[in-house]
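There are 2 protein chains.
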Amino acid sequence: MSINDFLTSNNERLDKQLLFTAEIDRMTAIMRRTLLIDKSRRENDAEHSWHIAVMAMLLKEYAREEVDLGRVVQMCVVHDLVEIEADDTFAYDDQGNIGKAEREARAADILFSRLPADQGKMIRDLWEEFDAMETPDARYAACMDRLQPFLHNTLTDGHTWNQGQVRRSQVEKRLAVVRDFMPEVYQWVEKNIETAVKKGWISRM
Amino acid sequence: MSINDFLTSNNERLDKQLLFTAEIDRMTAIMRRTLLIDKSRRENDAEHSWHIAVMAMLLKEYAREEVDLGRVVQMCVVHDLVEIEADDTFAYDDQGNIGKAEREARAADILFSRLPADQGKMIRDLWEEFDAMETPDARYAACMDRLQPFLHNTLTDGHTWNQGQVRRSQVEKRLAVVRDFMPEVYQWVEKNIETAVKKGWISRM
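Residue numbers (the working numbering), protein chains in the order written: chain S, 29 to 233; chain L, 29 to 233.
Warning: the hint list may mix true and false statements.
Which copy is meant is left open, so a pair is good if it fits within one copy or across any two.
Here are the simulated lysine to any residue pairs, SDA-like style, with alpha carbons at most 20 Å apart [as the list claims (entries may be wrong)]: (1) Lys201 to Thr117; (2) Lys67 to Gln215; (3) Lys149 to Asn190; (4) Lys44 to Asp208; (5) Lys201 to Ala114; (6) Lys226 to Ala145; (7) Lys88 to Gly98; (8) Lys201 to Tyr120; (9) Lys226 to Asn32; (10) Lys227 to Ile31.
Please keep in mind that the hints were generated in silico from the structure rather than gathered at the bench.
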């Protein structure tokens, strides 16, 4: 990043906000395991975050509890920002997920300290709420975060499931928040899991 | 897109919503003129839409009127969806911009008819509000849509300005909404325009 070309304004706060905006463009280079639906390449974090934000605008009626859509969409667009410093961890990589929480907390310290303190806290709070999956907004956002790669997998011959040699029980565990919070949508998920097992994309147990 | 692999649920409405979600993944293949800040390649519409949504969460304090951030972020993530059918039009391509409104209206007819009617209308209304740039929310979203590529240009040696042989008056016209709605931020814009002219990235008049 040619951040050296950045011209400061006469406002230190604005400079921090603009530099942070430039910095997070690195999300376009954080690659996920998921393939784009056209199978041309892997998806990046910016694309994924955008995709689940739009999805949240469409599926609210299936949520078991009332959610604040404006908050959820904000949560969706910032939920993976810490990966700029911590990188993406594949959901089904048990080894890679060891120490993930600590790694991401350190990443958050670094990343959000670049913003004015009030805004760093605002975004970190949203991310921590998302990660804890306790509030209705966070559970709904988590459903989007699980459903989107699930949809991609069903349309790309089970790409990341195959790659990760994923078991049925792992997928069910990953999608449990959808089962509990969006039961009607989970019927569609179950049907796809059945098919994925039959096609050999997911192992039976 | 292997949309043939899509398994229907027992809910026609949900099927439409999920198929629309799959369909809009094509935003990752709609390329803009803007370079990513690391200069590795051109930016796509999904990345741009995500980027301005996060930016909107950071710069609200400079808006001249009160804005509803939850609405603005939703507007940001859907504001370019019609380009799936209409493709991106370079802001400084006068020729290409002829007939853009009609082209995009037709694209919207096609695209949004794939959603349940109420949701097609909801997103189309947001897009039309954005495009009209009359409400505070739309003007603020438009500022993000102008500032983000402006920031990218300042950090990529004026890439799209050079390519388009852009004149100072064109940039000023494009950024006029920032001048009017976010005057404090426009001071930084002006300083960058000066520099861009000095460096020869923008022609003087």
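>> As a check of your reading, is lysine 226 near alanine 145 (CA-CA no more than 20 Å) within one copy, between copies, both or neither?
In response: Answer is neither; intra-copy 51 Å and inter-copy 35 Å both fail.
> Taking 20 Å as the upper bound on the Cα-Cα distance, should lysine 227 and isoleucine 31 be classified as within, between, both, or neither?
Replying inline: Only across copies: lysine 227 and isoleucine 31 sit 16 Å apart there, 48 Å inside one copy, limit 20 Å.
> How do lysine 226 and asparagine 32 come out at 20 Å by Cα distance, when the copy is not named: within, between, both, or neither?
Replying inline: Only across copies: lysine 226 and asparagine 32 sit 17 Å apart there, 54 Å inside one copy, limit 20 Å.
>> At most 20 Å between CA atoms: does that hold for lysine 149 and asparagine 190 within a copy, between copies, both, or neither?
In response: neither (39 Å within a copy, 39 Å between copies)
> Which holds for lysine 44 with aspartate 208 at a C-alpha limit of 20 Å: within a copy, between copies, both or neither?
Replying inline: Intra 40 Å, inter 22 Å, cutoff 20 Å: neither.
> Are the CA atoms of lysine 201 and tyrosine 120 at most 20 Å apart within a copy, between copies, both, or neither?
Replying inline: within (10 Å within a copy, 50 Å between copies)
>> For lysine 67 and glutamine 215, with the copy left unspecified, which applies at a CA distance of at most 20 Å: within, between, both, or neither?
In response: neither (26 Å within a copy, 44 Å between copies)
> 20 Å Cα cut-off: does lysine 201 pair with alanine 114 within a copy, between copies, both or neither?
Replying inline: This pair counts as neither: shortest intra-copy Cα distance 24 Å, inter-copy 40 Å.
>> As a check of your reading, is lysine 88 near glycine 98 (CA-CA no more than 20 Å) within one copy, between copies, both or neither?
In response: both (11 Å within a copy, 15 Å between copies)
> Taking 20 Å as the upper bound on the Cα-Cα distance, should lysine 201 and threonine 117 be classified as within, between, both, or neither?
Replying inline: within (17 Å within a copy, 44 Å between copies)
Taken one by one, the earlier hints fail for this structure at numbers 2, 3, 4, 5 and 6, listed in ascending order.
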